[in-house]
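Undergrad: From the two separate chains plus the hints, produce the assembled complex.
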Amino acid sequence: MKSTSRQKQNPGGSPRPLDRIAGHFQKYYQLWLLALPGMALTLMFAYIPMSGLVIVFKDYNYKDGIFGSPWVGFKNFEFFFSNFSKAWRATQNTIILNLFYTVFGTAVAVMLAVMFNEIRHKKYLKVTQSLSIMPYFISWVVAGGILRALLNYDGGTINNVLVSFGMERVDFYNNPKYWRFILTLCNIWKGAGYNGIIYFSTIAGFDTSLYESAQVDGANLWKRIRYITIPLLKPTIIIMFLLSIGKIMSGDLTMMMSITNLSPMLLETTDIIDTYVYRSVIGMGDFVMGSAVGIYQSIFGFALVLFSNWLVGKFDKEYRLF
Amino acid sequence: MIEKIHNHQKQTKNHIKTSASDRFLQVFFYIFIGLFAVVCLYPLLLAVGTSFSDEVSVTVNGYRVIPRQFSLEAYQTILGSLGKNILNAYCVTIAVTVTGTLLSVVVSAAFAFVLNVREFKPRGALNMFLYIPMIFSAGLLPWYIMCTKYYHLTDNFLALILPCCMNAFNVFLLRNFFRSIPEELAEAAKIDGASYLRIFRVIYFPLAKVGLVTVGLFYALSYWNDYYLALMFINKQQLYPLQYYLYNMLANVQFIANQANASLGYNINIPLETTKMATICVTIGPIILLYPFAQKYITKGVIVGAVKG
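Residue numbers (our numbering), protein chains in the order written: chain A, 4 to 325; chain B, 791 to 1099.
Source of the hints: derived by calculation from the structure; they are not laboratory data. None of these values were measured; they are calculated from a predicted model. Virtual Cβ for every residue (Gly too), placed ideally from N, Cα, C. Errors might be hidden in some of the hints.
Restricting the straight-line Cα-Cα distance to at most 25 angstroms, the calculated cross-link-like pairs of lysine-lysine (DSS-like) are [said to hold, decoys possible]: (1) A:Lys125 <-> B:Lys939; (2) A:Lys126 <-> B:Lys1086; (3) B:Lys980 <-> A:Lys125.
Far from chain A, by Cβ distances over 10 angstroms, these chain B residues were calculated [stated by the list, open to error]: (4) Gly824; (5) Cys881; (6) Leu952; (7) Cys955; (8) Pro972; (9) Asp1016; (10) Leu1021; (11) Gln1027.
Looking at chain B on its own, in the form it has when it is part of the complex (with noise of 0.2 angstroms):
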């Protein structure tokens, strides 16, 4: 008897005991998850913060989330002496990321269509031929030797997207979004006698919208944030993307002074560390506006790709 008691006493015990135990590494995971979201959260805050500062009191007290002192010179000196080399860059960018995403989608859409047509024999190859670069390439030496020396990228616009026009990746992440599409609908249009052309234009591209918009808003990502190819083709001002502008004021305190100096025509002072928040701001401003529209398709695609990347 009294072991019994003992027993359903240990036993409720042990119930609390766990129960507890759950509770506290559940409450641990909500703020170990919190902390994740803030630390990829504050470099970006920290930015925005400084880029509304005085340039002073930065040197002073140093980079802030909250300004101490808040000033708007930053954003005057991109908006003025930087202003047209700024708007160019932003020019560049926008042309790139808007023609480099509308033919990226057409061309990928296209590939990733015959991809899926069961009928057509060589599209195991074809999957073959997309899927071999992913694994080998030849490298930096070679890939910069063609471009420049045989297809003549150097100071061309084409140079920004054509060699990343076509993203095996995405490709293939496109072919998953087609293939859930019922294949009796391509079926009946088949023998209602439209052409494959027709099939893809009426059917696939408007039915796979929602994959059609994830991989464009990668390519668009890709393109927007791309400074790889400006750095290796790309020395005419007049085609400096906003990244590779950013990166040359970041890397290089000179160039930030020159720009300035150059359009105005007399030696300035520049608030040099809040000017360069200020610009990694404008860079990524879009980003972050787009991204609560954006990010319901972000993570559906991350979870597709990830099914059979």
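Isolated chain A, as found in the complex (with noise of 0.2 angstroms):
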């Protein structure tokens, strides 16, 4: 009935599929050509490897890559399972690292936000912003450099500052408790500025009549940043915390490379999943254990997004990922 009238209506018109298909690129091939190479390169490199995560049903060997090797069911993950203990550090070390980034991270990060908003003197502001966003653009291999440096056992600055107050020496790099505290200093000292000028920028967008009022009430400046400003802020880092949740089992290969080495003496806390996956594929040519862990990553990692989606959906519709 409707499809009939609809007929009627434009009796030129051919409603067949096929010719509609053909009208789409004949009105649009210019828009699919633009965005064609985009999407050969997002195909290739994101969506391509996705189907590879077959692997780890198969007896990996070079010559037959990843579709042409055989199939060998769950025995990988047999394998897997019985060599469980060093995956499992990794996995462990992952998260925990994760979880202090995150934590003392956001922590740093609003505290400069909330801060920045208090500078009233526009240049000092400017000339502090920028020294603070500085450090995400220089890359983790300078920052390992410049690290050593500081943390060398002889010469290091800071074991230097430890002398010269008649301490004893820190051998910073054959001891692997300090690395997670380290670790996360250096994850603030890169990235907290930049993440506080983004707190920074929801702060600005604040009604300004509040903090007025507010001010005409007698509330000093401590009460309002801990009565308005924070309560305001803090569905942005809820948000932003629950979605770290889905990033919790995914590392940095190049910051730990960088930044350790992977020296043998430090993997005890600072083996995570992908220094892991590295050293057992790159390194020994472990495609076995490698793959493995790799997928299980994955597969965690997926739950977790879906987790995490799941719990902001709770939280506030509006800032679903999906």
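TA: Right, dumping it as structure tokens:
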């Protein structure tokens, strides 16, 4: 009934789907052309590798590639679970470090944002802001190199300071127990200024009349921060926090490699899943363990993204990822 | 009466007290922010200071922002015995950064433009297509095997560009910039018979200059700073970009000595620490020099990107 009336309305137009597609491309072929390079690159480097996840069910050899190698079913998983202790250590390290980065990183970023908001001197604000985001644009290689100058056993700045206060030198590069702390500080150094600006731009969008009326009512600066800024910022913080749960299984290989150089002395606290996969596959050519751990990271990562998205949805539907 | 005066006194006292505490807090904020900025800057100054130091004074007195014994030895090493290799790495990095940035900006802008054409129905699907990889990824191993085994990127110049040529975050950033261009312009052009290609080229590309520069800077920085791709795909030293060269230098004491000895044919002593720091300075030099110009765009990019990440 409906379709006949439509046909009546445009008797010349053909409703056949093939023609409609042809018509679409005739009208929009230029747009498809423009999108094509980006689509091809995304396909090549994001989607097609996803199909490579089948490697976990294969006895991989380089000659036959991912798709030509023979199927082995769940054999790789058996091997994976029988060698689970190292992978478990890597998983724990990844999660602990990510938690540290998120909690302390967010705390410093929010503090900076609140303080940026109270700086009245325009020039001071500009200079400190641009200095604070500068480390974000310095590579981890450079950061790692300079960190060595700070932490070196002899001659390192921190050890020199310790000695001048009459304390013992600390051998940072042979002592895994300091590294969660050091890595967190590095992460804050590199990212807190950048994230601080993001939070600062959120604060700048708040209704100023709230602050004015609070000031008229005699609320001092601390109270205005405590009872206006922080509560208004809370949803953003919670959402950022929840979203970071989805990324808790992923680590930064480049950061870890440039800072610790994958030193065997430090692996106890610094071996994350990404470095583990890198070490086993590219270092030792052990595709079985590497692929199993990699897949386990992808699957858990996927589940965590869904979970964090669900949590965000509970909190505020607006901010859901999908 | 007495009570009233008392009350008044209390009020004024209170008033002074709060403003004093406000002032105290504010001063604290100024100091804290200043300290944070110094903490951000200090490591870089340390690298610069050490690079201009005499090697012996570094080993004896440690690393310093202001060199105790000024020396250009490290830079002489960089220009001399390591000169050829560092220059080569520099050229690779510049080539990668320039081609990569141009390619990335054009590809991303084209894609972002398509995402912004309202009457184009599939744009929602394209949005999703770009968005999903931001959340899910296959992980290192399948990606690595695909690139080496099927795309043959090992020791290929393109390996340093293509894998990070299309950054979804930057595309969405550009789309946000495009959105701020009034749609009437495109509408008018369309009525005049302009094709989409022409609208993109003549209206959007020139009008979104700020956005393009911002995104271009983000891309340029990521190409300049990248060593991940070199680590994965590059074995030939002629293709080492600067960061990867520096990485090898820092990670492997022998690397630097071999480099110098190979080029000179005999053993020499290299001022290790100062040379490392000088290479660091050479690596970050262009970023620091361009920073005052770039930071305006970067701050804007950070904020625009944050509005809808």
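Undergrad: None of the hints should be skipped; say for each whether it holds.
TA: Results of checking the hints against the structure:
1. Taken as a hint, the Lys125 of chain A and Lys939 of chain B pair is broken in the structure, with Cα atoms around 54 angstroms apart against an allowance of 25 angstroms.
2. Of the pairs offered as hints, the one joining Lys126 of chain A and Lys1086 of chain B holds, with about 13 angstroms between alpha carbons and a cut-off of 25 angstroms not exceeded.
3. A C-alpha spacing of about 44 angstroms is found between Lys980 of chain B and Lys125 of chain A, which places the hinted pair above 25 angstroms, so the restraint is violated.
4. Not every C-beta of chain A lies more than 10 angstroms from that of Gly824 of chain B, the closest at about 6 angstroms, which undercuts listing it as non-interface.
5. Annotated as non-interface, Cys881 of chain B keeps its C-beta farther than 10 angstroms from every C-beta of chain A; the closest such distance is 18 angstroms.
6. The non-interface label for Leu952 of chain B is inconsistent with chain A: the shortest C-beta to C-beta separation is roughly 7 angstroms, within 10 angstroms.
7. Taking the minimum C-beta to C-beta distance to chain A, about 5 angstroms, the non-interface status of Cys955 of chain B is violated against the 10 angstroms cut.
8. Separation of Pro972 of chain B from chain A is adequate, the least Cβ-Cβ distance of about 20 angstroms exceeding the 10 angstroms criterion.
9. The claim that Asp1016 of chain B lies off the interface is violated: its Cβ sits roughly 8 angstroms from the closest Cβ of chain A, which falls inside the 10 angstroms cut-off.
10. For Leu1021 of chain B, the non-interface assignment is contradicted: its Cβ lies about 7 angstroms from the closest Cβ of chain A, within the 10 angstroms cut-off.
11. At the 10 angstroms boundary, the C-beta of Gln1027 of chain B stays outside the reach of chain A, the nearest C-beta of that chain being 17 angstroms off.
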